[in-house]
Amino acid sequence: MALSIQELIVQQVVVALEQILAANGWQNTIASVQRLNQEGVDLASVPTILVKEGETTAELGNSIAPMIRRRMELFLVAVTRQDETASSSDTRSGGEQLNSLMADIDMTMQSDRTWGGLAITTDPPNYVEVDMDAVSPHLARAVRCEIVFEHIRNNPYAQT
217 MALSIQELIV QQVVVALEQI LAANGWQNTI ASVQRLNQEG VDLASVPTIL
267 VKEGETTAEL GNSIAPMIRR RMELFLVAVT RQDETASSSD TRSGGEQLNS
317 LMADIDMTMQ SDRTWGGLAI TTDPPNYVEV DMDAVSPHLA RAVRCEIVFE
367 HIRNNPYAQT
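So for the sequence shown, this note's numbering puts the first residue at 217; every next one is plus one.
If you're looking for bench data, these hints aren't it; they were derived computationally from the structure. One or more hints might be untrue.
Stated by the list, open to error - Simulated pairs of lysine to any residue, SDA-like, Cα-Cα distance not exceeding 25 angstroms: (1) K268 to A281; (2) K268 to G310; (3) K268 to Q227; (4) K268 to Q326; (5) K268 to E223; (6) K268 to M217; (7) K268 to R360; (8) K268 to E362; (9) K268 to L233; (10) K268 to T330; (11) K268 to R297; (12) K268 to N342; (13) K268 to N253; (14) K268 to V364; (15) K268 to D347; (16) K268 to M323; (17) K268 to G311; (18) K268 to E345.
As the list claims (entries may be wrong) - Have a look at the derived ranges for each label pair, beta carbon to beta carbon: (19) P282 to Q235: 32 to 38 angstroms; (20) A239 to L276: 40 to 46 angstroms; (21) L219 to G311: 33 to 39 angstroms; (22) A238 to E345: 23 to 29 angstroms.
Every residue gets a Cβ at the ideal spot worked out from N, C-alpha and C, and that includes glycine.
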């Protein structure tokens with residue numbers, strides 16, 4: 217089954233976020249990167265990043281036939297828990313943990329702004345507050361970014 221250009225970009229974003237590991241030189245190690253599922257987000261292992269697609273709008277004024285230019289909004293929600301026990305190896309405050317996660321995600325999103333040539337650009341991310349609806353307390357913050365890409369106007373699966 218063919219994948220749309222939008223889906224191919226989102227999959228590349230997921231793969232890039234999965235590389236956020238201390239062993240790879242990042243400040244954090246991400247336990248999982250997830251996309252929306254009917255059963256919700258699995259928070260058994262944190263920190264986790266939830267990749268949520270927002271609006272994808274057509275930029276008709278910037279489109280040249282036979283292409284259509286689109287702007288896709290992505291929310292990358294970082295979720296973690298703060299271990300305040302005496303045996304914790306991470307003594308950072310919850311705010312420090314979230315800021316560190318935001319920085320790692322920001323750097324990842326800017327590392328290949330064209331996603332292997334599938335996109336035209338990735339705008340610098342914005343950090344936004346989010347609420348996590350979970351049984352146990354969690355810390356969460358999101359990176360909101362927009363990725364601009366094109367596909368053939370009547371074929372979202374092709375760029376040529």
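How the hints compare with the structure:
no., hint, result
1, K268 to A281, "violated (30 angstroms)"
2, K268 to G310, "holds (23 angstroms)"
3, K268 to Q227, "holds (12 angstroms)"
4, K268 to Q326, "holds (18 angstroms)"
5, K268 to E223, "holds (12 angstroms)"
6, K268 to M217, "holds (22 angstroms)"
7, K268 to R360, "holds (10 angstroms)"
8, K268 to E362, "holds (12 angstroms)"
9, K268 to L233, "holds (13 angstroms)"
10, K268 to T330, "holds (19 angstroms)"
11, K268 to R297, "holds (20 angstroms)"
12, K268 to N342, "holds (15 angstroms)"
13, K268 to N253, "holds (10 angstroms)"
14, K268 to V364, "holds (16 angstroms)"
15, K268 to D347, "holds (14 angstroms)"
16, K268 to M323, "holds (18 angstroms)"
17, K268 to G311, "holds (22 angstroms)"
18, K268 to E345, "holds (14 angstroms)"
19, P282 to Q235: 32 to 38 angstroms, "holds (35 angstroms)"
20, A239 to L276: 40 to 46 angstroms, "holds (45 angstroms)"
21, L219 to G311: 33 to 39 angstroms, "holds (38 angstroms)"
22, A238 to E345: 23 to 29 angstroms, "holds (26 angstroms)"
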